[in-house]
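Participant: Residue numbers (the working numbering), protein chains in the order written: chain A, 41 to 360; chain B, 954 to 1317; chain C, 60 to 384; chain D, -19 to 292.
Among these hints, one or two may not hold up.
To be verified - Capping the alpha-carbon separation at 20 angstroms, the derived lysine to aspartate or glutamate pairs in EDC-like fashion look like this:
| no. | chain 1 | residue 1 | chain 2 | residue 2 |
| --- | --- | --- | --- | --- |
| 1 | B | K1030 | D | D104 |
| 2 | B | K1030 | D | E267 |
| 3 | D | K101 | B | E1029 |
| 4 | B | K1089 | D | D104 |
| 5 | A | K109 | C | D192 |
| 6 | D | K10 | C | D281 |
| 7 | A | K220 | A | E184 |
| 8 | A | K109 | C | D281 |
In case anyone wonders, no lab produced these hints; they're calculated from the structure.
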Amino acid sequence: MTISQVSFGSHEPVLDVKDLTVKYIGDTRSTTAVQRVSFSIGTGEVFGLAGESGCGKSTIANSIMRLLKDPAKIAGGSISFGGRDVLAMSPEELRRFRWQDVAMVFQSAMNSLNPVLTIGEQIVDIFTTHAGYSRKESLRRAGELLELVRIDPARLKSYPHQLSGGMRQRAVIAMAVALKPSLLILDEPTTALDVVVQQEIMAQIKELQRELGFSVLFITHDMSLMVELSHRMAVMYGGRIVETAKAQDVYANPRHPYTQALMGAFPPLTGPRVPLTGLPDGVKFRNIPDLAEVAPGHLVAPFGDDIPVIDSVNLEGAAR
Amino acid sequence: MSHSLMTPSAVAGTGTPALEIRGLGKSFPVGGLFSRDSVRALHGVDLAIGSGEIVALVGESGSGKSTLARCIARLEKPSSGEILIDGVDVLKRDRFQASRAFRSQVQMVFQDPFGSLNPAHRIEHFLRRSLAIHGKGGGSEEATRRRLEELMTTVGLEADMLNSYPHELSGGQRQRVAIARALAVEPQVILADEPTSMLDVSVRIGVLNLMRKLRDEQGISMLYITHDLASARYLADRTAVMFAGEPVEEGESLDLLANPAHPYTQLLVSAVPDPARAGSYDPVRRAELRQAVMASTRCAFDGDPNQPCSAEEPVRHHVGDPASRHWVRCHLYRPWAAAGAHALASEPTNPSHPASNAQEEAPA
Amino acid sequence: MRFILRRLGFYLIAFWASITLNFLLPRFMPGDPVSRMFARSQDRMQPEQIEALRKLLGVDDRPIWEQYVDYLHNVFTGQMGVSISRFPTPVTEVISSQIGWTLLLGGTALVIAAVVGNLLGILAAWRRGGAIDSALPPVLVFIGSFPYFWLAMGALYLFGVVLGWFPIRHAFTDGLEPAFTWEFIGDVGAHLVLPALTIVLVSIGGWMLGMRNTMIATNSEDYITMAEAKGLRPSRIMLRYAARNAMLPSVTSFGMGLGFVVGGALLTEVVFAYPGVGYQLLNAVQGLDYPLMQGLFLTITAAVLLANFLVDILYVRLDPRVRSN
Amino acid sequence: MTTALLKQPTSTPAVRKPNRSFVHGLLSNKKALTGLAVMVIFIALALLAPVLFPGDPSRITAMASMEPSAEHWLGTTAKGQDVLALTLHGSRSSLFVGLTVGLASTFIGILVGLASAYFGKFIDEALSLVTNVFLLLPGLPLLVILAAFLPPGLGTVILVLVVTGWAGSARVLRSQALSIRSKDFVAAAVVSGERAGRIMFREILPNMASIVMGTLLACVIYGIGAQAGLEFLGLGDVSTVSWGNNLFWAGNEGALLTGSWWVFVPSGVCIALVAFALALINYAVDEVTNPRLRKIKTPQATPVKTERSAAK
């Protein structure tokens, strides 16, 4: 199976994930969280990964940064970044790779900031560790970073709890671009925020991306947001990619029934009210096959005409 | 699918509303036992829900919409105001604790289906208790059993799930159980506090459709609380917008979201991602709106003596066709400008306004 | 600031409660123990001393609230009466000559146990399944299961009587004049080893496991993952991100632990005849010396409350979230 | 549309009560099993003591201060009592007091905790204040004072231990009850018209099973240890045979100074073993309910090193 290279940016992929498989090794049995997932992201491209909770999208993000914790283990496949094998990096190489090459914005800014250190200290940490700047120089640059995301540099002395949710997430974004990484992973960066703030954060990220030219791996369950922001996107279900194409193509012409259900889950804000259905409760897809190309750059996991792929279970929420 | 999507509730609008709220206010004390400070969460809320009508209450977190629901459900004690069910003020009727009579009239569905079902009990327990408390079991064990199975079928679940524990069900299924539990007491009004926000996106619509079906088939009135404008538009006949503890705009859902009159509503509408409107984002326009509204803790013009808002309470203006029930409460609204693009454009905000350089301020 | 004031108010209430308890005990206990005491020691006392003690302990015909006001007044002016067992020394004098030894013993043991225990806990949590994590906890929990006094007796027997490495009783050698000389300080140190060691041994396991469990919880916080993603050095993540946060509950239990250490020190003092307030308290109980008992209890309570207050102030320094609200 | 796909008959799932998996987890935990085994042995010995050593264990049966021998397995005291008989009979009082104190303290803790959490506001403020005051008053000195004023006896010992011991459990149970109180299912029960008592005991309490058990174990440990301490100081009921009293007499008769370690060791080791066994069960309860604390398995040979160790 190949992903055809319809990258938005250059043809040289920044990130190339091939057949990635991640397993959770349990006491008695193991579950596969991600199964043979492949995709690549070109320079300056925004690649979206959509799917619902538990579909494995965050696991992929953590695999790329190699942040998986027990009992999750990468059981197969490869991740290469700018031609380097991420999975073969030594601890020291890995430490340098993190944040300098790939930075990440986590879902909840409240939880991803250390509550007992000031924002300033947490930014300075990055500079002193990676760039070897003096404390004073680091502080100066930290101030500049905050200005970049339109936060008053005086806020360097604030603790996370003293900032509003939106400000905290902007501070995290400032941290993420501190070392000008070539890839930024956004793991549901706005789910905890209100729409108005969400809109501003996304605008901020777009602006920074235009300015600094990094690539983005954008993870969300909000299809509308994803279609608005991404160049290309993939839809995940049960640890597999079920469909991948240009975002506008997915929006205009979703092929897989699951993608259609996701699209149908967001009623439009304009036009007439039409009945939508979404996916019935307890419906599950099983044994999703590998992707096949249905149109140039549009790959879909095959499903039978009579859709036998769906069966009903009532225990799917048990492992939330 | 025979949903009456195109007919926004013919039943609504006449007779005594099923639920009416007048001047409801709620303040929370802050600080310790001896502190007299308080935070105003709700202020002078008026709202009416006709029988068989679905009204959506939209707003961001902190706008007071959940507090309102909890006050109506009498999980919180309102500081002032009246709650009328069929024209009777229930706050006066049972003053200290909500009576069972009240509980059988108003039910609530909570946001988190993983938190609203006690993990220690089987599904049957929840429904059986609701039936037993309010004497809706039908007298005999057989009748109760039949009623239980009927309830499960109504919400689209298999009857044999009655034996399951909540952790064996998916989020969507649990929320259906929560709805069945509310239905069991045969209430007049169901308050649904963000019933879909914790569910997987693909099953959200299913729960909304179920709510609509219950309204259509059983004539239950609903207050649908959400931050999701699109789902409010999809489900509700009317929509009210909450801002800083007060409803600031209300109207037929389609009309309101197509022609938002209050700057806050405009801001909300413009912030919703909608691929169909891709590219409609206008930073200048947004900055203007943002400047006008700011963080949702208070109106930007509150406290500015030059603004009429601070000097006097804003009054309601009708928006558009006088026959419509669309109103807005904002001094900036100019009825004569309604014919134009949007009301705010005719009144450019002053750049030196004190709020203009205040980003969202941190909570103190 | 508000937090500190609230805590201060709470400690005052707690202290008031213990004074009231002290006031009520001799007045409402069955069997009239106070009369027994007077019967035993009346001949040694002056009539006015007896009168004062009667009032203090409630053998008194005045209305109860009047007695109460009087009692409060006495406590706050330091009039705690005279000790019976060490007649005619005033209670305050007896206590002040002994509190220092308890502070030395309890303080040393507490600080060593808390510091070492917490460090071990940090290391155990950071290297889950490593040597420290798997071997140490069961051993420490087992040692911690022994009663303070039993371990003290065992240590006394083994290292004092059999091996003769350490002195077996008192805080310093009899006949040695207390002074700031190396000889005296060394002597005090030698007397301190066994009692302090036994308290440390019994209490260290609790510190270690407490810290380990909090640290494990902290390690799964998002900000630790974020710190790792930032590519910070592991030692920095462990200390400034994980341990710095995990120590907050430990600081709170440090305050709570004080009360237990005072209790443990009491038993240990008894075994080693260490001249602290605990040993004195037992002597007072055995000698039916109620004034001294009351004085000692109030002093111990006050010390524990004060120490807790200091810990609160420290907590405010350590947790910025408390500071701002 | 997709409704046709839902026609799958849902087989009735093997229903498993959540609490059952807790018990199951406990029984498959090595720590818990060890602890339970030790406790079973001690309880059996305590029950069998009158059969094994009929009559008053404190009567003088042999020469004084005899070393352990075939006749007296654990030797004799300075008075000539059989140490084994004293130890076995002592377990009866110690276990009884420990269990009684544990149950009573936990019961008070449950009442205070539930009332505090459910009613909140003024009731919570008042109860918390009382709890915290009791928690802060130094335990053993308070014990000593109380024991000194009250008439001696087993009842006094139990009363005094409950008075000083309930606050700790109340605090733990309150905070747990508080977090359950804020769950939506409690609000849902209120909305459905349930009464306060039923909500407290049928909705909140069942979810606290593991923490109640942990508190109970901790209280029993406290009861046994504090009773021993009190008796060692001579403040207990000196006429009963218990581990604490055995140690009190051992100290009084100078067992250590004469080198009769066999008088002093058994009761102390018994206290430690029981406390250790209970602590083991307690830690096992923690581990079963908090999966993060479980022991990490030795990583299997996988092509990629574990992420965590690679990160260091």
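Participant: If a hint holds in the structure, say so; if it does not, say that too.
Facilitator: Right, here's what the structure says about each hint:
{"no.": "1", "hint": "B:K1030 - D:D104", "verdict": "holds (18 angstroms)"}
{"no.": "2", "hint": "B:K1030 - D:E267", "verdict": "violated (40 angstroms)"}
{"no.": "3", "hint": "D:K101 - B:E1029", "verdict": "holds (13 angstroms)"}
{"no.": "4", "hint": "B:K1089 - D:D104", "verdict": "violated (35 angstroms)"}
{"no.": "5", "hint": "A:K109 - C:D192", "verdict": "holds (18 angstroms)"}
{"no.": "6", "hint": "D:K10 - C:D281", "verdict": "violated (31 angstroms)"}
{"no.": "7", "hint": "A:K220 - A:E184", "verdict": "holds (13 angstroms)"}
{"no.": "8", "hint": "A:K109 - C:D281", "verdict": "holds (12 angstroms)"}
Violated hints, listed in ascending order, are 2, 4, 6; each of the other numbered hints is respected by the structure.
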